[in-house]
Structures are given as C-alpha cells and as structure tokens.
Amino acid sequence: MEIKSMRFKANASGALVNTVLQGNLKTSKGKFVTRRAETIKELDDFEGTRDAATAIRNRVIDNLDLWLERFEQKALDTGAQVLWARDGAEVCRLVTEIALQHGVTKVAKSKSMLSEEAGLNQALEAAGIQPVETDLGEYILQIDNNEPPSHIIAPAVHKSLDQVADLFHKVHGTPRKTEIPALTREAREVLRSHFLSADMGLSGGNFLIAETGSVALVTNEGNGRMVTTLPKVHVVITGIEKVIPTLEDLSTLMRLLPRSATGQPISNYVSVLTGVKKPAEHDGPEHLYFILVDNGRADAVGSDFHAMLRCIRCGACMNHCPVYQTIGGHAYGWVYPGPMGSILTPLYAGLEKSIDLPHAATLCNQCGVVCPVKIPLPDLLRKLREKQTERGLRPLTERIGLRLWAWAALRPKIYALGAGFGARYLKWLAGGTDRIRLLPAAPEWTLGRDFPAPQGKTFRELYAARQKPAKETT
Amino acid sequence: MSSREDILGRVRANLHRGATNAAAAREDILAALSNRSHGPKPAIDGSPQALLERFRLKSEQQSTTADIVAGESDVPAAIARYLTTMSLPKSAVAWPSLAALDWAAAGLKVDGRGARDADPVGITGCFCAIAETGTLMLCSSADTPATVSLLPETHIAIVNASRILPCMEDAWALARKELGVLPRAVNFISGPSRTGDIEQTVVLGAHGPYRVHLVIVAD
Ligand code: SF4
Chain L
1 MEIKSMRFKA NASGALVNTV LQGNLKTSKG KFVTRRAETI KELDDFEGTR DAATAIRNRV
61 IDNLDLWLER FEQKALDTGA QVLWARDGAE VCRLVTEIAL QHGVTKVAKS KSMLSEEAGL
121 NQALEAAGIQ PVETDLGEYI LQIDNNEPPS HIIAPAVHKS LDQVADLFHK VHGTPRKTEI
181 PALTREAREV LRSHFLSADM GLSGGNFLIA ETGSVALVTN EGNGRMVTTL PKVHVVITGI
241 EKVIPTLEDL STLMRLLPRS ATGQPISNYV SVLTGVKKPA EHDGPEHLYF ILVDNGRADA
301 VGSDFHAMLR CIRCGACMNH CPVYQTIGGH AYGWVYPGPM GSILTPLYAG LEKSIDLPHA
361 ATLCNQCGVV CPVKIPLPDL LRKLREKQTE RGLRPLTERI GLRLWAWAAL RPKIYALGAG
421 FGARYLKWLA GGTDRIRLLP AAPEWTLGRD FPAPQGKTFR ELYAARQKPA KETT
Chain D
475 MSSREDILGR VRANLHRGAT NAAAAREDIL AALSNRSHGP KPAIDGSPQA LLERFRLKSE
535 QQSTTADIVA GESDVPAAIA RYLTTMSLPK SAVAWPSLAA LDWAAAGLKV DGRGARDADP
595 VGITGCFCAI AETGTLMLCS SADTPATVSL LPETHIAIVN ASRILPCMED AWALARKELG
655 VLPRAVNFIS GPSRTGDIEQ TVVLGAHGPY RVHLVIVAD
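Protein sequences appear in the order of chains L and D. Residue numbering for the first sequence follows our numbering, beginning at 1 and increasing consecutively. Residue numbering for the second sequence follows our numbering, beginning at 475 and increasing consecutively.
Bound conformation, chain L alone:
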C-alpha cells in the first residue's frame, strides 16, 4: 500500500473539519471500549492472563529463528508448502505465481492486513485475477474504489449507515435499503456466489502454531471459514512473528484477543487449520500454502522495538487512543493506525516516510494500559522520537531551537536570564488577562486553545524569594 504518512498533519486537519467523519467517529466512539471493560471482568485473573500472554509472545520472538524453523518443519509434515517473502512485492509475486499455477481466476479473501501492506489486490488485478474481499467491512471499502481501511478490526468504521446504503444501491443496482440487517443480507448474497466460485481462498493468520504446524483464524462473520473450506487452494499470508508454541497457548491468547478487540468473550469462529483435505473428505483445500513475510520484521528483532513484535493485532490501543478517536484511522496514512500504527509504520515503511507519527500521541499511556501483551507503546514512541533526532530527521527549525535550548540549559545564569525574560514577555503578551490567545512563536499551539499566562516571575525567582524569609527566621 502506498504510504501517505508524510501528509499526517494535513490529513489530520482535514479529518477534524470533516463533519461526516466526525459524526461517524462519534457514533462508534466508546462502543469497543465499554464492551471490553465489561468482558475482561469475567476473567478471574486478567492481569495474570496478560502476563502469561506476554510470556508466550516473548518466548517465541526471543528465539524467533528456531521457532520459525520448527513451525516450518511441522507445516511441511502436514502437507502444506511454506514460502518466504522479504517484502510486499515478493508477496504479490508469490501469490500471483500460485494463482497462475493452479489456473485461478478469482480469489476470495478473508481479512489480511499483510495483503494491505503488500498492495496485493492491485497486483492480482494487474495479472488478470479477480480479488474479492469478503469481510463485510473490507468488502464495503473494496467496492468504494478500493478505499483503505481505517481500523484493523473494523475497517469501515469511518463510514455511516447512510453512506453504505448509498454505496450498495449504486454498486449493486438494488433498491436502496436503510436497515443494517437488510444491507448485511444483500452483501451475504452477493458474496456467497463468490465463495462458491472462487478457486483460491486467501487469509491472514492470527497465529501459527508450532506444535502442530497449523494456522489459527479468528472471525465473527464466517468468511474466514468459507475461504478456507470451499476453494481448492488456500494461501495463508502472515508476518514471521505470528508463531506461538502450543494449542494451550492459543487458549490463553484467545481469552484476551476477542475481549481486547471487540469486547467478546470469544469470537464466533476460531478455526485451527492443519494440512490439506484428506482423500475421503468432502471439503477443504487440496493445496495449502503459507507465505511467511518479513517486510521489516526481521530487522525489528533484537532492536529497541523488539517488544512490538509481541503485538496480536487486537486494536485496543487505537480504540482507547484520544488522538485516534479524534482523527480516525486514515490520517495515519498507511495500513496500521493508532498507537501501534505510529510504531509499525516507521518500522516497516520507514521512519523518514512517517516523520509525524511518533508525535501523533499525547503519551497518556491509555494504549499501554490496555495492551493485552503489555507492549510499552509510549516508551517505543519516545524511542522513535529519539531515533528521528539522532538521524537528523526533524525539521531544521526544531533542531536549531533544541540546540539553542540545550546550550542555554547547560549554562544556569544564561538560562535564568532567558527564563526571566520569557516569563515577563509572556505576561506582557497576555495584556493583564490570565491567558494568551495567540502565541506568535507557536501559532499552531494556540489554534484550538489558549496558553495560560505566567505571572511575570520565574520559578527560580519565586523559590529564591521564599528561601530568604525562611533563612531570616532560623
């Protein structure tokens, strides 16, 4: 997918004044948050479960090479094929090759964020193969000119019922429906024929299980089951970090993933798929391929951002993020929005291409508090800011400003002088009121709020004044 993260500021400003989007964000705001809060109460030891999940993920990523080899061996034993892709372009090439080899003309897809990373739909279309998104949210976006998703769990969360009603009416040529169940049925009927006629099913993978060489797929709609049951070829595309050791570990993670994502105690369908159709079986794919994708992950191993590889893609961090809630997912400009996206985009797509993302956070740590695998997201965002500074990626004015500040801060006398001047200047600027409407040096800061006016004295002056009478009395 094309990276538009450099336009973060403009995109975010646009999102703020987009009244339709703001209305839609308001409709959805808090629904996942409330449901999550209710369902985590059902676990007697929620914190202990988070610790266990964190340990499971750490266990694998700390020895990722060996776990990958173990998974690969097991998967091969079940009759699957295991392929490796360095980047999105290689994913596209491999999937196209598999499709051509099996004479595939239509691919039914269940949600795969990696196929978004790779821009797979465009590549398939270019090769004359029809990709059909079957997750309702993804389908809505696909028929709306391939709009990118704005949330990893609810891709079309930025769209209102009205917009979907218009879209279905236009694209399907059916009478306009206004009820959500009727629209859902319409999509079901359209997509059912695709499930039955697709020659290839393509899915992501929530987890790869090393013990059995299986992939675990979690869905509510049942599309994940369809695309892995009906077509004769099944291709799984996952990141290399998705391995977990055992089925017991899957059970632990499944107590957290749906609760953190949508606030469900369990998703409707959890499928553990192992190998290909047996000779006497009625259903199941005859060919199963795993494509294990790097696309930036291998370089994150052992780095300052190693912990990010624990992510189980639940979306809780974005659901709870005040910035995400205000601007929605598109402003982030790539596949992953919210706090996890502000870390993954710089890591996978390039820090220089996403300069503003590490700053698109208030560091309030709502995300860190809810993350089921305890990823210290604010710490990682801060680390990225450090890297930007180290690599000289921040704007020139900011760099000069910080240099000047550092120079002064190391010289207490000069610092005191500067601070004293600043405090008096700001007091003067406030003109006798207690607030400043417009900061000439940082007009953006005062765009949506006032700056509180200092009283005219600095902390150090006040402190010194207080010390004096204290000394006199002793």
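Only true hints are included.
In the DSSO-like style, the derived pairs of lysine-lysine whose C-alpha atoms are separated by at most 30 Å in a straight line are:
1. L:K170 with L:K29
2. D:K515 with L:K41
3. L:K278 with D:K583
4. D:K515 with L:K374
5. D:K515 with L:K31
Here are the computed distance ranges between Cβ atoms for each label pair:
6. D:K583 with L:R185: 20 to 30 Å
7. L:S193 with D:E546: 32 to 42 Å
8. L:R192 with D:R587: 16 to 26 Å
9. D:G654 with L:R7: 47 to 57 Å
In case anyone wonders, no lab produced these hints; they're calculated from the structure. Don't be surprised by glycine CBs; every beta carbon is placed ideally from N, CA and C.
For chain L, the structure is supplied; the task is to place chain D with the ligand on it using the hints.
Chain D with the ligand only, in chain L's frame:
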C-alpha cells in the same frame, strides 16, 4: 540468497545466534512443547450439572437456543419440533455420522453428506463442548464435513452432556487422547455468525448461519 535464508539469517544475526545460545533455545522449545503449560483459567465448577448449566447459559448469551432431551433416540423428534416452531423446512443435510438416526420417523428428510449452498438446515454433532464460553468444538472428517455447520442458514448441533468440558485446554487434551493428530479443520463455534462492520451494530447472520440451535442429550 533465497528469501528464506536472507530472512532467517537476519533474525539469527539480530539475536546473536551462536552454538551456546542455540542449545539453550532448543531446550526451551522442547520444554514449551512437552510441558504445554497453560495460563490462568477461570474457576469453573467441574460437576456435570454445573458444566451443563454454564454451557447452556453462555450459549444463550451468544444468541444460541437450546433444548434438552433424555436420550439420543429423542433427538430427531426434538429437531422436528424446533423446525416446526421456527416454520423452517423439514429437510436437512446432516453429517454422514448421524445418518443412522431414525429421521424419517420424526417426519424429517435428512441427507447424510457435505452441505450445498441451497441446504436450508444443517445438522451436526460436535467433538466436545466448552462451558467457559458456550462453545462447540467440531472436527472435520469424511463423516463430519465442515460445510454442514457453515453453509445452511440454520445450524442444529447435537451435544452429549457428558462431553461438556470446562475450558479450551481440556478440549485439546481430549483431542490429543482420542484423535492423536489434529484433523484438517477444528472449528470452535460460539453462536450464529455475526458482523458489527456497519456502525458497530451487531447483526446476526453474516456469512454463516443466522441461527444455532442445540439439542443437548442428557446421557
Ligand atoms: S499494540 Fe497491543 S493493544 Fe495495540 S493492537 Fe497490538 S496487541 Fe493490541
């Protein structure tokens, strides 16, 4: 260099892989795979009655309906009653493993095979059921095809009360004991298919069944 070697090579380098830490890591992998330790599980009363009650309650919270019968021979009549109440057709596709039940006596036309698009009702058994979340565990095989619980708009599942287990971990233990290796597809099903993709409003019947009905055999 192949992509595989390139990717694994970089992971190895980043982990400072050498002979000593490889040996320790291999040991940890073997330990993880043989101990199969589990995380904290919710406290669940394991008595048969309590398991049955919890399973039923949790299933109903997922919009599943349930009926209890005394023995397996009562199942066809119970299903016929349900179909009548719901004004659903009296013809169904069922797992071949269930073909021996006396469906005709209950006035039902039941075919034992994999499901097709037009089948209105699918009847399955289940490998076991999980009380923690009100979940069915279905294992695919020639006699228990996965499509039967997926394509029809109505899915009816027969559950033996003695096979209701507390947690998913118990289900895996039973699968290892009885099946040895995993079947091609293990499907955990918790209620009718649903979506919340339009305005996060939950609607039942996305791509799979609109309704799931359980006939629990009290055995
Ligand atoms: S970072 Fe944590 S909260 Fe965010 S998606 Fe990943 S696992 Fe979920």
